[in-house]
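Q: When you get a sec, could you build the whole thing from the sequences and use the hints?
Just so we're aligned: 200 in the numbering used here is position 200 of the sequence shown, and the numbers increase by one with no gaps anywhere.
Simulated from the structure, these hints should not be mistaken for laboratory data. Quick caveat: nothing in here was measured; it's all calculated off a predicted structure. Do not rely on the hints blindly, as some may be mistaken.
[To be verified] FRET-style restraints, in silico, Cβ to Cβ:
id, residue 1, residue 2, range
1, Gln116, Gln49, 22 to 30 angstroms
2, Glu43, Pro147, 19 to 27 angstroms
3, Glu37, Glu194, 48 to 56 angstroms
Don't be surprised by glycine CBs; every beta carbon is placed ideally from N, CA and C.
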Amino acid sequence: MELDAIAGQLVQPTLFEIGEATSGAVELFPAVWSAAEMLFAPEATIRQQGFSRLVELGAARLSPLIASLLAVRLTDPDLEIRRQIAHVLGDLLSADTLGQCAPEQVRQYLTNTLGQMRQRPIFALLEVAISDPSAEQPIARLFNACPYAGRHLGDILTERKHPLAVRRMAIHYVGLVGYLEAIPALERMSSRLETRLTGQQAMPFAPPLMSDELDLLPEVRLALASLHAP
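A: Have a look at this one:
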């Protein structure tokens with residue numbers, strides 16, 4: 001058998017989804033690997049450099065592996081890096097400004113990785129949402145890709161040890177994305193807070209109990225109204 005025939009039978013594993021929009025992507029391998037390694041450096045400045053390089057190369061939109069690696073870094077200790085990653089990944093789950101979507105395999109790998117998120121990355125994304133209102137829709141798309149997000153958001157919003165701002169944001173996303181499984185947690189919280197509010201109104205001269213937590217009640221009501229809407 002001739003060498004050309006043998007070569008034609010071999011399947012070369014690819015780092016990138018190759019198509020018209022990814023012409024020449026193979027030449028980016030060394031730069032991409034170097035930048036990907038930098039994502040896991042101990043120093044935040046090096047991780048930022050690696051991420052910025054990957055963005056310049058458009059690697060996340062071309063490579064299922066890079067998209068998945070970025071999803072793993074949604075728990076990066078540096079909030080700014082985390083914020084930038086959330087925007088890039090959220091954009092991969094929607095069409096770009098030209099109406100083009102990321103390759104199917106990129107989206108499949110990304111949603112598979114996001115589907116494995118548990119409370120820690122979800123909490124980390126809530127912190128991003130607090131710091132950057134423009135991240136609302138990208139983060140909603142990331143949460144929507146995770147079948148466990150509703151349950152974990154319900155756990156976060158009812159945990160009194162968590163910062164109030166994080167709990168409020170968890171309530172907001174439950175209503176925004178539409179996690180029906182969180183309704184029982186919201187209803188228990190609503191009942192408890194309504195009872196405390198009634199008690200405070202009956203004793204206006206008594207010192208307030210959990211007054212900060214009562215600030216969550218309007219958001220709870222809004223989320224429940226959204227979830228119960230036809």
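Q: Compare the structure with each hint and give your call.
A: Results of checking the hints against the structure:
no. : hint                                : in the structure
1   : Gln116 to Gln49: 22 to 30 angstroms : holds, 27 angstroms
2   : Glu43 to Pro147: 19 to 27 angstroms : violated, 35 angstroms
3   : Glu37 to Glu194: 48 to 56 angstroms : holds, 53 angstroms
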